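Visitor: Listed below, chain by chain, are the residues.
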Amino acid sequence: MTGPDSSHTHTDTASPPAWRRPTYELRPQAEGDGRMLEISMGPQHPSTHGVFRMDVMLDGERVVKLKPVFGYLHRNHEKIGESTTYLASMPYTDRLDYFCSLTNNWAYALAVERLAGLQVPERAEYIRVILAELTRLQNHACLGGFLLQDMGASGTPLMYAFREREKILDLFEALTGARMMCNYMRFGGCRCDLPPGWLERARALVAGFPRFLDEFEALLTGNEILMSRTQGVGVLPRELAINASITGPGLRASGVNYDLRKADPYGIYPRFSFRIPLGDHGDVYDRYMMRVLEMRESLKILEQALRDIPDGPIIDPKAKIRGFRPKPGEAYARLEGPKGELGFFLISDGSPNPYRYRVRPPSLINLTVLEDLCLGHHVADVVIILGSVDIVLGEVDR
Amino acid sequence: METLEQIKTRVELAVPGASLTVIQNGSPCAQHSILVDNEHALEVARFLQQDPQLRLDYLSNVTGVDWLEQVLQEKSRSRRVIDGVEREIEETTEKRVPGYLEAIYHLYSMELKHGPVILRLRTSDRAKGTVLPSLTPLWRGAEFQEREIFDLYGIRFEGHPDLRRILMWDSFADHPMRKDYVEPDDYEYEPTPHDEVLERARQHYLPRT
Chain A
284 MTGPDSSHTH TDTASPPAWR RPTYELRPQA EGDGRMLEIS MGPQHPSTHG
334 VFRMDVMLDG ERVVKLKPVF GYLHRNHEKI GESTTYLASM PYTDRLDYFC
384 SLTNNWAYAL AVERLAGLQV PERAEYIRVI LAELTRLQNH ACLGGFLLQD
434 MGASGTPLMY AFREREKILD LFEALTGARM MCNYMRFGGC RCDLPPGWLE
484 RARALVAGFP RFLDEFEALL TGNEILMSRT QGVGVLPREL AINASITGPG
534 LRASGVNYDL RKADPYGIYP RFSFRIPLGD HGDVYDRYMM RVLEMRESLK
584 ILEQALRDIP DGPIIDPKAK IRGFRPKPGE AYARLEGPKG ELGFFLISDG
634 SPNPYRYRVR PPSLINLTVL EDLCLGHHVA DVVIILGSVD IVLGEVDR
Chain B
353 METLEQIKTR VELAVPGASL TVIQNGSPCA QHSILVDNEH ALEVARFLQQ
403 DPQLRLDYLS NVTGVDWLEQ VLQEKSRSRR VIDGVEREIE ETTEKRVPGY
453 LEAIYHLYSM ELKHGPVILR LRTSDRAKGT VLPSLTPLWR GAEFQEREIF
503 DLYGIRFEGH PDLRRILMWD SFADHPMRKD YVEPDDYEYE PTPHDEVLER
553 ARQHYLPRT
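The listed protein sequences correspond, in order, to chains A and B.
For the first sequence, this note's numbering gives the first residue as 284, with consecutive numbering after it.
For the second sequence, this note's numbering gives the first residue as 353, with consecutive numbering after it.
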């Protein structure tokens, strides 16, 4: 394989190459026998969180080369989006990152609203924020559980996290009728109003969640085994993180202060007071801590949103549900999903179907640096590094 | 952030020979874009990445678009003398706008927190000239996204370090996101090692003469 600086003919000696593919120096022959083992992890490996394969070259236990292989779940989501109407793609966005269907809905609705210039009523904005932050809570809680599962703490942490996730999914079910495939947002608002008593249930959940977090952290954050397995493992340098378009908690663990809720605000996020946690080292432990700290910040947002939510309409009365045809043009909208920056790019040619429907998948793009993170580490560390990147294959393969 | 016209002027000063066109966007969000010529695209992108006022260090999104050949019909009336009599004749002329493939780059700045600056690169046609310069040497975030466009649209990115199919399998021949793609009847067909086995089995059970 040729590096980027050798294969293009551009010669500008003044500026160094923006990035370099990582290399791993083999151990001297005296230590190992110089023979390497190529193994194929996946596509049906329990640690890969779905149908995902990694071709790993090993020198003893150390990773020398790692190539991710995608496409096992590919169904050409974008082509399907181009062959149906705008609204008909909404339930299909649930299937991208099936853990966080509500943020997918919101990102798509945001793109269409930018494209057609629709306004969203106050109450609907609050509902969207509440649902997005609940989604973030359950995604991050489960990620902690999965990460510990990958590390060998079989069952218990994951079940603790799933217990909390069940409570949040119950709220989703009460509101949208579905636990995971919610299909709730509409262009210019939401599909239906909150059922009676929902806000009280949500407030009770938010009030009880810190207790779960404290318990989770007491068990794990200071745990000696967790620290020795994760600290200094899979370090992502700050410059590489920016250059490789890494987003979400993985970027902030490397110390880059870039959260779209603050950096490029959408919805009504500027109204809430919350902070962006940042990491120092960019290793797996920092990525785990980012999730825990972000959950605490999400709880702050939820408390404020559940306190301030006004009465009123939940959808713009001028928004057309049927026969929706935006004027020719294009729009790109992005939001801070639990896994990173989720974007939708739409081109309209004035017909009922989008001419181009593009999803910017954070899970796929965050895998760009997987090889860099894993080189030189043990095979067992590959599993937790992949776990800390946080991917969902429905979104990686689309 | 500066307007696109200001950026265009500064880029054309910094990169001699580059020709940039601002493309207007009719949508209310008014995200206009800049069309860059392919020869100078890498230079222009390098300028945008390193210029201290712009510092577009973050490539958010790369999109491929397929624009088919358009046939525009124009009607024109003219007076001509035919067989000694002057008549008014209506003629329709067909004007062909050739199709092309397009790659759209959405650039933001993480350092200065502004954006987007949208770059467009266009191929010369949809058949043989589907080559564009790769921006992966500048932004590694384009690596998988350009591979995806190569896979689904068939744009070859020159200078990409590892241009392979990413979502479809390697022996797949077509580009499914193109607008004129027709899916084959046996679209679930995928060559597997079993085919060899099945062929051997078929040979084995051939009627013996």
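Hints are not guaranteed to be accurate.
Said to hold, decoys possible - Below, computed lysine-lysine pairings styled on DSSO-like, alpha-carbon distance capped at 27 angstroms: (1) B:Lys-465 <-> A:Lys-583; (2) B:Lys-465 <-> A:Lys-362; (3) B:Lys-447 <-> A:Lys-610; (4) B:Lys-447 <-> B:Lys-531; (5) A:Lys-545 <-> B:Lys-531; (6) B:Lys-531 <-> A:Lys-610.
It is worth saying that the hints were derived from the structure and are not from the lab.
Quick caveat: nothing in here was measured; it's all calculated off a predicted structure.
Visitor: Decide, hint by hint, whether the structure agrees.
Guide: Results for each hint:
1. B:Lys-465 <-> A:Lys-583: 24 angstroms, holds
2. B:Lys-465 <-> A:Lys-362: Distance of about 32 angstroms is beyond 27 angstroms: violated.
3. B:Lys-447 <-> A:Lys-610: 25 angstroms, holds
4. B:Lys-447 <-> B:Lys-531: 21 angstroms, holds
5. A:Lys-545 <-> B:Lys-531: Distance ~38 angstroms between Lys-545 (chain A) and Lys-531 (chain B) Cα, so the pair is violated.
6. B:Lys-531 <-> A:Lys-610: Distance of about 21 angstroms is within 27 angstroms: holds.
Hints 2, 5 from the earlier list are contradicted by this structure; the remaining hints agree with it.
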